[in-house]
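S.K.: If you want the building blocks of each chain, they are given just below.
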Amino acid sequence: SQQGEEDPQALSIQEGENATMNCSYKTSINNLQWYRQNSGRGLVHLILIRSNEREKHSGRLRVTLDTSKKSSSLLITASRAADTASYFCERGSYIPTFGRGTSLIVHP
Amino acid sequence: DAGVIQSPRHEVTEMGQEVTLRCKPISGHDYLFWYRQTMMRGLELLIYFNNNVPIDDSGMPEDRFSAKMPNASFSTLKIQPSEPRDSAVYFCASSPDRGLSPLHFGNGTRLTVT
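For the protein sequence lines, the chains are X and R, in the order given. The numbering of the first sequence is the numbering used here, which starts it at 60 and goes up by one. The numbering of the second sequence is the numbering used here, which starts it at -1 and goes up by one.
Pulled out of the complex, with its shape left as it was, chain R reads as follows (with noise of 0.2 Å):
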């Protein structure tokens, strides 16, 4: 079990640019999530899905926030345009159910925006 992974571990671009987080969860993890850490605000959760199906998407800041699943063993998250606001580090997290079982991390990206 090679546990969550997720690319690239840092990105660094420029405002206006479009930026593709990835992520491959747990083989047989039915739930992922979508994190976003700053100092300001914490870890706020932006998006989560279950079986590849975006069930609650509440937290994504704004309309230049997408996520998708084509399939149960990967996942992206993308800006377009980015800005400097955006900087943060970016967790996705998978569960194979939401009783007791807890979320596995990955070890995020960083993204900074110029």
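So here's chain X without its partners, still in its complex pose (with noise of 0.2 Å):
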């Protein structure tokens, strides 16, 4: 498939801790970008990490890209009830595809 294929597909944690969620590609990729999907919501974009970039940081978000492992991995730090939604990731391609992302509900 040409989507970024998140892992896992659900996560459940408690306010405050960390929450990290996974990526996924086959292909190549000149950037990856990670949006947000509140219930009821359209995608909101959160970040972008270009291919010859190694971490990139976004407030609470923290973003790792790996070429090699052809991965990439989002971190929210002191994670809040309002960070519960879906994340996707999107390999930046021509054709935008995405994966079925991750649940994550974030527990007050």
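Hint data in this document are derived by calculation from the structure and do not stem from the laboratory. The model shown is predicted, which means the values in this text are computed figures rather than measured ones. A portion of the hints provided could be inaccurate.
Reference excerpt, derived from the structure (chain R facing chain X, CB under 8 Å, subset only) [unchecked claim]:
(1) F31
(2) G40
(3) L44
(4) Y46
(5) D54
(6) F63
(7) L101
(8) G104
(9) N105
(10) G106
What follows is a set of in silico ranges between Cβ atoms, one per label pair, in the way DEER data are often shown [stated by the list, open to error]:
(11) X/R139 x R/S25: 29 to 37 Å
(12) R/R39 x X/K115: 24 to 32 Å
(13) X/S87 x R/P94: 21 to 29 Å
(14) X/S98 x R/A0: 20 to 28 Å
(15) R/V51 x X/Q73: 47 to 55 Å
(16) R/P79 x X/Q73: 43 to 51 Å
(17) R/R20 x X/R109: 33 to 41 Å
(18) X/I154 x R/T112: 43 to 51 Å
(19) R/E12 x X/N111: 49 to 57 Å
(20) R/E81 x X/S98: 24 to 32 Å
Some chain X residues close to chain R (C-beta under 7 Å, calculated; not the full set) [as the list claims (entries may be wrong)]:
(21) R100
(22) A140
(23) P155
The C-beta atom is built at its ideal place from N, Cα and C for all residues, glycine as well.
From these two lone chains plus the hints, build me the complex, please.
M.R.: Okay, here's the thing in structure tokens:
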């Protein structure tokens, strides 16, 4: 398949804990993007990491990229109930396709 | 910037009826994408346009589905006749280019066909 694949499919944690979700892909990339989808809403772009970057931060988000393993991770630190959402990666392709996402539930 | 606007937010119709979903992309965005999301199949790309021209409609499931973009500020996705298996959330997204720019999604139309 051409899209990134997220892992795990579901993640349930307590508020304050860190959440880590992973994305694997099969072909080379120029960049990789992470999106969040709240229930009943469209996807919202979170962060982009270029192929020549290994790590990027945005607030409580930390994204890593390992092009040798064709994988990326999204870490949300000190999670909040408002982080409850589905998270998707998109490998920055000309025709953007998405996997099934990781469903994150943060319990207050 | 009002974002991508989709209408209606919810649509309930009976099998066999024609359904038209509408999308207004962000001004200046040259690319427009239609997606369908279901629990079973995830987020599927149906069709995309560049400068109002359909480029790839290989994701359109059947001839019952058609999409148009008569101008840069409006697109429609039509299903005729509709079937229960078409029930899903349909998203429209736009992007200024296909380089580093992310997609901007609307909030979708939830379609229920009974």
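S.K.: Work down the list of hints and note, for each, if the structure agrees.
M.R.: Okay, the hints, checked on the actual structure:
| no. | hint | result |
| --- | --- | --- |
| 1 | F31 | 7 Å, holds |
| 2 | G40 | 4 Å, holds |
| 3 | L44 | 11 Å, violated |
| 4 | Y46 | 7 Å, holds |
| 5 | D54 | 7 Å, holds |
| 6 | F63 | 18 Å, violated |
| 7 | L101 | 6 Å, holds |
| 8 | G104 | 5 Å, holds |
| 9 | N105 | 5 Å, holds |
| 10 | G106 | 6 Å, holds |
| 11 | X/R139 x R/S25: 29 to 37 Å | 34 Å, holds |
| 12 | R/R39 x X/K115: 24 to 32 Å | 31 Å, holds |
| 13 | X/S87 x R/P94: 21 to 29 Å | 24 Å, holds |
| 14 | X/S98 x R/A0: 20 to 28 Å | 22 Å, holds |
| 15 | R/V51 x X/Q73: 47 to 55 Å | 50 Å, holds |
| 16 | R/P79 x X/Q73: 43 to 51 Å | 48 Å, holds |
| 17 | R/R20 x X/R109: 33 to 41 Å | 35 Å, holds |
| 18 | X/I154 x R/T112: 43 to 51 Å | 33 Å, violated |
| 19 | R/E12 x X/N111: 49 to 57 Å | 54 Å, holds |
| 20 | R/E81 x X/S98: 24 to 32 Å | 26 Å, holds |
| 21 | R100 | 5 Å, holds |
| 22 | A140 | 21 Å, violated |
| 23 | P155 | 6 Å, holds |
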